[in-house]
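All chains should be modelled from the sequences, with the hints used to inform the complete structure.
Those protein sequence lines, which keep their order, are chains A and B.
So in our numbering, spot 179 of the first sequence is number 514, and the numbers just go up one at a time.
So in our numbering, spot 234 of the second sequence is number 242, and the numbers just go up one at a time.
No wet-lab data here; the hints were simulated from the structure.
Examples of chain B residues toward chain A, derived with CB under 7 Å:
hint, residue
1, V408
2, G431
3, R437
4, K440
In silico DSBU-like pairs for lysine-lysine, Cα to Cα no more than 35 Å straight-line:
hint, chain 1, residue 1, chain 2, residue 2
5, A, K437, B, K440
6, B, K405, A, K437
7, B, K121, B, K482
8, B, K447, A, K380
One side of the interface only, derived from the structure: several residues of chain B facing chain A at Cβ under 8 Å:
hint, residue
9, D403
10, H410
11, D413
12, T417
We treat Cβ as the ideally placed atom computed from N, Cα and C, and that holds for glycine.
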Amino acid sequence: MAVNFFESIRKAILDYDEEAVAKLVKEALESGLSPLEVMNKGLAKAITEVGNLFGEEKIFLTELMLAANACIAGVEIVKRKILESKTEAGKPKGVIVIGTVKGDIHNIGKDIVKALLEASGFEVHDIGIDQPAENFARKAAEVNADIVASSALLTTSRPQQKIIEEKLKETGIREKVKTIIGGGATDREWAEEIGCDFYAVDASEGVRIIREICEAGRR
Amino acid sequence: MKPRLKVLGKEELDTIYTTALYLLKKVGVNIEDEGIIKLLANNGCDVDSNRIVYFPEWLVRDCLNSTPKEVTLCGRNPSCDMQVGRQKYPYIIPLVSYNYFDCVSNTYRTPTKDDVARFVRLCDHLSTVNGVWMLSMIPEFEDMYMFGDFILGIRNTTKPVCVINFEPKSVEPTYQLAVEMAGGEDELKRRPLLTVNYCCISPLIWNKEGCAMLKATARWGIIPAISTEAPMGDTGPVTVAGDIAQKMAEFLSGAVVLQLLNRGMPIIWVDVHETFDQKTGAVNFASHGNFLYACAIGQIEEYLGIPIVTPVIPDSKLLDLQESYELGFLLLTQMLGGSRLVVTHGLDSSRAFNNELLLLLDDMVTATQRILDGIEVNSDTLAVEVIEKVCRKIDGKRRVGHFLDQRHTLNWYAKEHRPRKDGIFEKHRREKWMELGSKSFTQRAHEKVEEILSTHKPEPLPREVEQKIAELQKKYQIKV
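Rendered as structure tokens:
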């Protein structure tokens, strides 16, 4: 029975059907399956599969995003159930602060990463676009973030990522968080130059890196 | 609106046609076959002591009228048939030539049977390719090249196979093989599996071999593809209009003979546009004038109502920038000009073929087909509903919506942009490209070719056809 639920959720996610995912997740929880099971064996497994297909360039980005949105519809229900039950299992896989740096209003890459992370069970705090460096640091301190992710598509705005590193130090949390940068104006060399921990060439690599960081942290 | 490139007006086309009729009537055609001269004389032509035959206008018009406007070139698999005159896009037929260019060593070599088989299998795999045109002249065959080419073609593709002939003696065994494949002579007439290409000689000459082929194809009911090859400034006038008129007259003279021998038989004109390069003394196929000529083919085809095959022939010797430029310009102009049958050659002015180039061609054809489809304008493509939806997404007094997560994007992306399936065109960011090995297009294409050939196997020939091949080889002492 449980297997049928997981397969049905997987199919609904691959059909980008938000309503069907929400309905199936509700039914699965009502049938007695634990929120953690539904999250890990149903939703997260399916979105990982879709992410891999995108990584292998077998599906389009739009398909990935539509699948992520469908998945999020289910994740929200699972989250509510976890909060109601107040179980330890309710802890997110990781806490991420994400945003686009000051002087830059590009949001698409950031939104893709956010959607995929949320769909995979991460707690994501999106501070939005055109955000000064101190907002990244403040939010990270406030939510006890594991990771601070910043996006810059303009060469004129990427120096803000260096300032984020400085602000995290000033706030005294640089050692507690990992930083990752992405976006058209960034590259590996830039990450090294400013002392950032990771660079992601695209959204899918960003999600993979964040997953690996959080899994390593848990161990 | 469907895009179309037009370079000739109706009056200009009328003038070219009238000139071709004048050439046939007043200049005449040198014919080296007494039987055909007699046939033409009995049908109203004048003949002089130099075997020059003068064609009356009414006879040419009459024979042109009885030539079918449409023709079907059949493959082993009926779903691969080319229905010329009814298709949505121009048909693309790559040519197997008598040298192979190896992109790994950047060298030319005489092709082996395996080289030809691999190329034909690749053609069989690619959806943008509709058939193959064969002129391998493989030394292993020794003679009866057309028969050898036909076997190599049909064993490696179920798409139509057109063969080029220089030896009339190979027509009969090849015909018999086609009869076996079709399941009888009547079936072959219904589904013509054999198209044979041969030449008229410029200016305005039908030599003995050409005449023999006219008679053979008319007798057997094989679809003839008559080539006219008059390099501008060499055996044709240097002007584009004059060259078209002369070659039109050459083709029409062959069509008259064929219609008198076998009224109503379909005929294809292979209009090769080429230029004699005054600096190098070489015949070029991708000169600036050729690009213009390429645009005109579709209009000439429509005007005469005869299927015309036109080759796309780059002159470049390597898979380099020149090759891409020449291939792209010729293909685009020809397809936008309205050509319905395009034979694509490889490199070195038709002297060589190459596998990797087929993958470049595949993409160029897809791109050109997209242009030919034009811009669809309707309520769904105008996308007002989705624009409104995206723009309504506001955060912090800023519009933050985008189209990446919209069903409309998914529904239309492939239709509008025809994304590539195989990934051999490098579109990643530089870091990713480096991570993947910093490979050139040719390297990636080579890997893809090997991947395709390691898996793609066309349906084998039926056992009875293989038995017929062995029987015919024995009967005609063919060393294939």
